Every structure is written in structure tokens, then in C-alpha cells.
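Whole structure, please, built from the sequences with the hints as guidance.
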Amino acid sequence: MIEMHQLAAALYLGAGIAAWLGVALPAPQLGRVAVGVLGLGALIHAPAFAFLHNAEPPIPITDLPAAVSLMSLLAVLFYLALLLRVRLTGLLVLVAPAAFLGVFFAALRLSDPGDPSFAGAGSWPHAHVVLASAGFAFLGVAGLAGLLFLTENRRLKTKKFLSLPLPSLEALDRVNLAALALGFPLLTLGVLTGVLWVQTESGRPWTGSAHELWNALGWALYAGLATARFAGHQGSRSAAAASVGAALFLLFAVVGVGVLA
Amino acid sequence: MKVLLVGLSHRTAPVEVRERFAVEDPGPALTKLARCDELEEAVLISTCNRVEAVVLTRTPEAARLRLRSFFGRDLAPDASDAPDFDRFLYEYTGGMAVHHLFRVASAVDSMVVGEPQILGQVKQAYRLAAEYNAIGPILSRLFSRAFATAKRVRRETGIAERSVSVARVAVDLARQVFERFTDKEALLVGAGEMIELSVEALRRDGLSAVRVANRTVAHAEELARRVGGSAHGLEDLPALMERSDLVLTCIDRLRPILDAPLVAQALHARRGRRMLVIDLGVPRNVAPDVNELADVYLYDVDDLQEAAAANAEERRRETLRAEAIINQEQQRFEGWMSALEAVPTIRHLRARGEAVRARELERGLRRLGLTADQRRGVEVLSRAIVNKLLHAPVTRLRAELEDESGIALLETARVLFALDDASAPGAEIDAEFDPGQNGDASLEATDDSVDDV
Chain A
1 MIEMHQLAAA LYLGAGIAAW LGVALPAPQL GRVAVGVLGL GALIHAPAFA
51 FLHNAEPPIP ITDLPAAVSL MSLLAVLFYL ALLLRVRLTG LLVLVAPAAF
101 LGVFFAALRL SDPGDPSFAG AGSWPHAHVV LASAGFAFLG VAGLAGLLFL
151 TENRRLKTKK FLSLPLPSLE ALDRVNLAAL ALGFPLLTLG VLTGVLWVQT
201 ESGRPWTGSA HELWNALGWA LYAGLATARF AGHQGSRSAA AASVGAALFL
251 LFAVVGVGVL A
Chain B
1001 MKVLLVGLSH RTAPVEVRER FAVEDPGPAL TKLARCDELE EAVLISTCNR
1051 VEAVVLTRTP EAARLRLRSF FGRDLAPDAS DAPDFDRFLY EYTGGMAVHH
1101 LFRVASAVDS MVVGEPQILG QVKQAYRLAA EYNAIGPILS RLFSRAFATA
1151 KRVRRETGIA ERSVSVARVA VDLARQVFER FTDKEALLVG AGEMIELSVE
1201 ALRRDGLSAV RVANRTVAHA EELARRVGGS AHGLEDLPAL MERSDLVLTC
1251 IDRLRPILDA PLVAQALHAR RGRRMLVIDL GVPRNVAPDV NELADVYLYD
1301 VDDLQEAAAA NAEERRRETL RAEAIINQEQ QRFEGWMSAL EAVPTIRHLR
1351 ARGEAVRARE LERGLRRLGL TADQRRGVEV LSRAIVNKLL HAPVTRLRAE
1401 LEDESGIALL ETARVLFALD DASAPGAEID AEFDPGQNGD ASLEATDDSV
1451 DDV
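Note that the protein sequences, when read in sequence, are chains A and B. Just so it is clear: in the first sequence, position 249 is 249 by this note's numbering, and no numbers are missing. Offset between the second sequence (1-based) and this note's numbering: plus 1000.
Keep in mind that the hints were calculated from the coordinates and are not lab data. Quick caveat, the model's predicted, so the values are computed rather than measured. One or more of the hints may lead you astray.
[Claimed, not checked] Label pairs and their in silico Cβ distance ranges:
| id | chain 1 | residue 1 | chain 2 | residue 2 | range |
| --- | --- | --- | --- | --- | --- |
| 1 | B | Lys1123 | A | Lys157 | 41 to 49 Å |
| 2 | B | Met1194 | A | Ser238 | 52 to 60 Å |
| 3 | B | Phe1147 | A | Leu80 | 35 to 43 Å |
| 4 | B | Glu1156 | A | Leu80 | 25 to 33 Å |
| 5 | B | Pro1077 | A | Arg32 | 52 to 60 Å |
| 6 | B | Phe1147 | A | Lys157 | 39 to 47 Å |
| 7 | A | Arg32 | B | Arg1396 | 41 to 49 Å |
| 8 | B | Arg1180 | A | Ser123 | 39 to 47 Å |
| 9 | B | Glu1156 | A | His211 | 47 to 55 Å |
| 10 | B | Arg1316 | A | Thr151 | 27 to 35 Å |
| 11 | A | His53 | B | Glu1313 | 39 to 47 Å |
| 12 | B | Arg1243 | A | Ser238 | 35 to 43 Å |
| 13 | B | Arg1271 | A | Ala81 | 26 to 34 Å |
| 14 | B | Gln1331 | A | Gln29 | 44 to 52 Å |
[What the hints assert, rightly or not] Computed footprint of chain B on chain A, listed as stretches where at least three residues anywhere in the stretch have a Cβ under 8 Å from a Cβ of chain B:
| id | stretch |
| --- | --- |
| 15 | 151 to 159 |
| 16 | 231 to 239 |
[Stated by the list, open to error] Footprint (simulated), chain A over chain B, 3 or more residues, beta carbon under 8 Å:
| id | stretch |
| --- | --- |
| 17 | 1165 to 1177 |
| 18 | 1266 to 1278 |
| 19 | 1287 to 1297 |
Ideal Cβ placement from N, Cα and C applies to all residues, glycine included.
Next up, the structure:
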């Protein structure tokens, strides 16, 4: 199972390297190879994640490494689904390395024992982790699309015009918007189920833990971002910059705070 | 047999010379070439940048003179009077001719390196030669290898990947900004040829609407009719800008016609939807500070030309990789040609072996007085011995003829087996394998026959 995670991480890394070479050379066919390698990585990653339940002892989904593995898998699957509708092969230069880092982190830490306080909390922990992980994954893809948008926007504004096989600004902006539209509701549901979980465990909805505090702040940040974006008060460049900042904040809130704790 | 290529191109002749050699109807010219005694096969390639005759000949020197005279007398009779007419023509023989043809078909020798038209033009020349029965198996093979080489070059190098014209660069640029054009509207400010060329490529990608604004509305109407759009006067610009995702300008004005406040106002009305502005005018039609606005991407003609020049340079770098492929393919073709030369020798060798076997068998059988069964047995035995003895040299000859050393081996075989010695045993069958006729035998051969011998 850990070995399968390591193999998936290696394939994601391979996809990332192929994607970068595809852009740098430039060789669009390498981009297509990278997509294939990423898909293969996902095919190995999905059962690797599913087998966590069969591990001895079983690794709960509420463990941070397991949750990070799930986020990486969902981000990859979301990206592959987007590829069916938008020419996004170039975004792989960011998606594949991010997926590699997530799975690599998970593979390194999966052998650590889980937090026993999560045991026996019913279905809320599962609902919370699945929904919040899906929200983080989608918003993470929004952040990556935003980052590439900012790079591309700068390149085109400064007239460093090269025919690189990267997605158009319009495609990146659409992905950013779609990922926000899907990710924010999932994040909201994740926060709500988290509140219900805490309520079930401790009899009150808020215990004031660092995890709750940082995630509440992250949700508030995204609430502001989504409001500005969907109300049409934000141009695509500032929306891209905001989604990069918010994704970094959320990364710290989920992984950084979890590791520090 | 030698491949010979004589011609002129943009590299050796200015346009005023090239246009005098242009072949409007290649039919009569091909017929004339096909009738020349010195030429076995011929193809005539005629484009706006080159006129070349590719021929197969047994007498290169005579064919060379014939082709020079053909260029002077038949293609451009008025040009042949000029004393320096000859200096525009170049000649390539053998491997050099093959190499040159492969370069031409692969667009490595083109004025715009990597341009896609030349391959179609060479294919057309080949089809015409076939139609006029001017081509045979060897040039057919040569041209089919030229087409395969061109495809390899396009597939394995970036020679054709980057746009080198301002119009194509503009389209590439638009593709980096917009995902699709089917929901995009374009505004053309000006009604000249440059703007029409640039919008044509975008229209092929499915622009949803094109509007033309011009000082003279009648000119705008003309262009609008050609590009399937609507015509407007310049006073409509503010309203038109609000609806336009792509703005192309090329109008004769001393001052910019689009400034930052006007574009900012349009952007505000568009609620920040991005806009690509391509200014092809000189002097510039769009104020440079328009590029400072968020969601607007302004490119002027210098930016596009710079990109086109950089792409052209990149293509030229890719020609090094293309040359390597061309060299490989040239060697393959020359290997095939060499193998053709072995066909008569191998047939001769086998025929000589068979003649000797038959004669010695006949002599022996007369003395031995065997039964019919015994005779058959000895005959089978003699055949097996000859075949086994010849198997190794024949196989080796075929294999070695893939490279130049094989030619020497071919000569060695002829000496060792005394194929050219009239007094050698079995020499009475040599008449049909006269070395002077080797070429004829080769011409009969195709790919398969070379392998089958």
C-alpha cells in the first residue's frame, strides 16, 4: 500500500518532468505522454488509497497523510475531467508536481499511527474529510490555474511572445472559475460536517483548536473571494492572484497546522 | 544509371529570371523530356521559387548538356540569348541530386523554411510525370522516398511548428489569449489587404462576428462583404469596441485612433472581459499605454515581426535536425540503388553456375551410363552443390551493397567468377548479361525484385 503510494508518486513525478520538457522544448507530444503517465499514476493511486482501510492496523481517513493522499487523488481526477472539455495539457506542469508532493508526503507519513481520538466518531469524520478534501483539491487546482494565469498574463503583457504549448488565458480563467464554483460549496459542506463532528464528540460546535481556527479563517477567505468573483467585482488577473493566495493559506491551514500540531 | 538534377531557384536566380522560366503547362515540356534519348525518366518541378528537372540517365554528361539546352530553348527561349543565362542554373548528380530533392520536398531549401506548400507541389510534379509516362521505377522510388523523408522531417523536427508570417503570428497570439473563437467578435479598423489577410486565418477558426470600421464606409462595405461581416464608420468605434474581443487596426492616421480612455471605457462596459488589440498600422493606430490596462493585450506590427523573425530563426535551427534525417534517407536510397546494380551480376552468376553444371553433368552422364533414376539423383545432387556454393556469395553481395563498399565487392565477384571472361567455362551464355545492358535489367527491377533475386 505504501509501496503503491510511492509508485503513484513516482509516476506523478514522471508526468511532471515530461510536462515540463514538453513546454521547454517545446514538444506537444510530450505533453500528451505526460497526461498518460498522470492517468496511470491515478489508476495506481486510487486502489492504493482504498487499501488504506485494509492495512494492519487500518489507517483512518482522518489521518492527515490519508487525507492528503485523497486530496491529491481528487485533484488529479478533477484535472483529468477538465481535460475532456478544455485544452489544459500545459497546466500539468503545475498539477503533476503538486500531486507528486502530496502523495510523496502521504507515503512518507502513512506508517505513523493515527490519532486515536478520532476513533468511534460515527460517519461525520468520514463525511468531513471526504467533502473538505474534495473542496481543498478543487480549490488547489483553482490556485494552480491562477498561478499559471499570472505567469502567462505577465508573459503576454511584456510581449515575451513564444508559441509555447500552454493553455490560453481564457481556459485558465474558466478553470479557475469552475474550480471555485465547485470547490467552495464542497469546502462549506466540509466545514459544516466538521462542526457536526466536533458537536458529536465534545457536545459543543467549537472547541477553539488551531485546526478549527485556521480552517474557519480559510473558509471566510474563500467566501469573500467567491462573493467578489461571482458578483463580477473582480477582473481575471486579480481573481487569479486571490485564488493563489487563498490556496496557499488553505494549504497552511490544513497541512501546515496539521504537521505543526 | 545516375540521377541528375538541373534547375534554378530563389537561391540562384532573382524573381525576374525565375518568372521567365516558369512553366505554365508542364505537359509539352515533359513530353519533350521523355523523348530525349539521353534521359530514361524525368520529372519537372515548377513552383514560383524554383524550376528543376530531375532525370535518370546513363550518360550524365550528355544529359547535362541536353537539360541546359532544354532550359534555354524550351523553357525560356528569350532568356537563353542572355550571355549569363547559364550562371543561374545549378546541377547535382547522384547522391547530391538525391540529397537536394529530399531537401526541396522537406521544405529545407524553401525561401520560407518549413512552408507546407512545397510538398504538395512536388507531389503534383510527380503525378504529372506519371500521367505523361515520363517516369519509371527508379524515379518513382526516389520521389516516394522524398515524400517519406518530408513527412519524417515534419514529424520529427519543429521545422514547421512556428509561425513565420505576421498574419499567422497574430493568430497564434489570439490562441494564447482565447480558448476558442466561436463566441468571439472581431473589429477591423481599416479595410486594407494586410488586415484582410490577418482576419482570414481567424475566420477559418470560426469567429462569430466580424465588423469593419473605416473612414470610407464604401471600402468597409467591400471588405465586410468579402469577410462576411458588417460595415461601419469610424464614429461608431466606441460602441463597436464594447462588443469586440479582438481588435485589428491598420489605418493610415498620423495620431492613434484608439487611446487608453476609450479602451478603458469599452472594458468597463465589457465587465472586464479580456480584449486582444493587434495594431498593424504604421504610424501606430493604438496608443502604447493601452497595454497598461488590465485585461487588454496590445501588440503592434514590430512585436509581431519580432516574433515572426524569432520563429524563423528557430525553424532554421531545426534544419540541422532535418539535415540529419535527409542524410539517413539519402543513404537508404543510395543503398537501394546499389542493390539494383547487383541484380544483373547475381543473375549472371547464377546463370553461369547453371551453365557449367549442365555442361559438366551432360559430359559425365554420357560416360557413366546410369539408369534414369540414377541420372535424376545425380542431377539433383549437382543442383544442390551449385546452389550451396553460390548461396554465400549471393547473400553477401546483397547485404554489402547497402553501402559503398558493396560496389567494390560486386567488381570482385565479377573477377573471381570470371563473369567478364569470354574464355571461361559457361561463357557462351554471357551475351544476355552484357555489362553494357546492366542498366536495362536494373530498370526492370522494383523494390520487390531486388529482394527477390
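Here is what the structure says about each hint:
1. Lys1123/B / Lys157/A: 41 to 49 Å: Once the Cβ atoms are compared, 44 Å apart, the range 41 to 49 Å for Lys157/A and Lys1123/B holds.
2. Met1194/B / Ser238/A: 52 to 60 Å: At 35 Å between Cβs, range violated.
3. Phe1147/B / Leu80/A: 35 to 43 Å: holds, 38 Å
4. Glu1156/B / Leu80/A: 25 to 33 Å: Given range 25 to 33 Å: holds, Cβ gap about 29 Å.
5. Pro1077/B / Arg32/A: 52 to 60 Å: Because 55 Å falls inside the window, the suggested range holds.
6. Phe1147/B / Lys157/A: 39 to 47 Å: With a Cβ separation near 43 Å, Phe1147/B and Lys157/A satisfy 39 to 47 Å, so the hint holds.
7. Arg32/A / Arg1396/B: 41 to 49 Å: This hint holds: roughly 45 Å between Cβ atoms.
8. Arg1180/B / Ser123/A: 39 to 47 Å: Hint holds: Cβ distance 43 Å, inside 39 to 47 Å.
9. Glu1156/B / His211/A: 47 to 55 Å: holds, 54 Å
10. Arg1316/B / Thr151/A: 27 to 35 Å: holds, 28 Å
11. His53/A / Glu1313/B: 39 to 47 Å: violated, 58 Å
12. Arg1243/B / Ser238/A: 35 to 43 Å: At 24 Å between Cβs, range violated.
13. Arg1271/B / Ala81/A: 26 to 34 Å: holds, 28 Å
14. Gln1331/B / Gln29/A: 44 to 52 Å: violated, 26 Å
15. 151 to 159: Contact hint for the stretch 151 to 159 of chain A vs chain B: holds, 4 residues under 8 Å.
16. 231 to 239: holds (count 6)
17. 1165 to 1177: The restraint on the stretch 1165 to 1177 of chain B holds, since 6 of its residues have a Cβ under 8 Å from chain A and three suffice.
18. 1266 to 1278: Satisfied; 3 residues make the cut.
19. 1287 to 1297: holds (count 4)
Violated hints for the displayed structure, listed by number in ascending order: 2, 11, 12 and 14.
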